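Starting from the known structure of chain A, fit chain B onto it as the hints suggest.
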Amino acid sequence: MNNNIILLIFTMMVVTYLPRVIPFFVMNKKKTPEHVKQFLNYIPFAILGALIIPDGINAIEGNYLVSSVSLLIAGLLAWKRGGIILPIVVAIIVAVLMQSTDLFV
Amino acid sequence: MNKYFTDGLDGLKAGTPVIMGYFPIAIAFGIMAKTQGISLTHTFMFSAVVFAGASQFMALNLMSIGTSFTGIVTATFLMNLRHFLMSSAINQRLHDIKKRWLPILGFMVTDENFAVVCTHNRKLTISYFLSLQLSCYLAWVMGSIFGYQFGDIFPDIIKKSMNIALYAMFVALLIPKAKKSNQAIILALMAGALNTLLGLLQIANTSVNLILSVIISTSIGVLIFKKTKGIDHE
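Chains A and B supply the protein sequences, listed in that same order. Residue numbers are given in this note's numbering: position 91 of the first sequence equals residue 93, and the series is strictly consecutive. Residue numbers are given in this note's numbering: position 167 of the second sequence equals residue 636, and the series is strictly consecutive.
Same shape as in the complex, but just chain A:
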């Protein structure tokens, strides 16, 4: 398992590093075709969506309500105010508060 993890980490590094660094060396004179650009542009939103739903709802071990409410509040904050730190911190606080009372368990 040890060697597997190290191999995994380094392989992850390679697949992460290459897209990050190649653009700096390919002078970008060649323009990427429009629909490829579009596809690449769209991917993060799809990924974010697929990551949040359904796993986010199950983030707090089987407690769908707490997870969903925390995420909703984080979403509201992000909508009203933007930023990354506050939504995250508030989500954690909400989750803690909700779990400390027995109401939501």
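Hint data in this document are derived by calculation from the structure and do not stem from the laboratory. A couple of the hints might just be wrong.
[What the hints assert, rightly or not] If you anchor each label on the Cβ, the simulated ranges turn out as follows:
(1) GLU36/A to ASN471/B: 41 to 47 Å
(2) PRO56/A to PHE623/B: 23 to 29 Å
(3) LEU666/B to ASN6/A: 30 to 36 Å
[Stated by the list, open to error] The calculated DSBU-like cross-link candidates involving lysine-lysine, where the alpha carbons are at most 30 Å apart (straight line), are:
(4) LYS82/A to LYS482/B
(5) LYS39/A to LYS592/B
(6) LYS646/B to LYS629/B
None of the values given here were measured: they were computed from a predicted structure. Even glycine gets a Cβ: it sits at the ideal position worked out from N, Cα and C.
Here is chain B on its own, set in the frame of chain A:
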């Protein structure tokens, strides 16, 4: 004052919100890794060698459900592919930076410091860029170790609640874009719905489901959306 020094300081200042944001998430990562039985060394390596927050969490998740090596690597690749576009955008603005720095600068490109670079109105100098990236990098790595070592201070309830940090980060990344573009929210919902559906139908394992739902929904998006100016990557 020495130009390198002032630029470096500027980079550090500009990176401060990112650093403050990275700490809680990195700590959550350290805690999560320890909970999953990952060693301190490996946790350190995830953060120091891969340095890609969301995909690190995703990898932990996938590992815990027994996803294959290939599955995790593919998911990581897809998740981080967007950095390609960010680097391309940054590349347009690099004029006087010596080539030898590029491998190092390229390594540390992330969503957050890309966003900072985008709002930097003056010329991108190596001192600015490097200090920005290095400070973010250090914050991330140190936060992970801190979370791992000292995460035990936090009572169980807080540790469990930290699990939500990752998803809250995803939400916080997605919502501002969704505000600006209907396409973003439609894509996200489509992918989320597909992922849920594939999961319920037990089509494949979680990582394949995720990749499938992303590729399918993105392809549908390309087919049905009129090309707008493109969804801005902050």
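TODO: Check each numbered hint against the structure and report the violated ones by number, ascending.
DONE: Every hint satisfied by this model.
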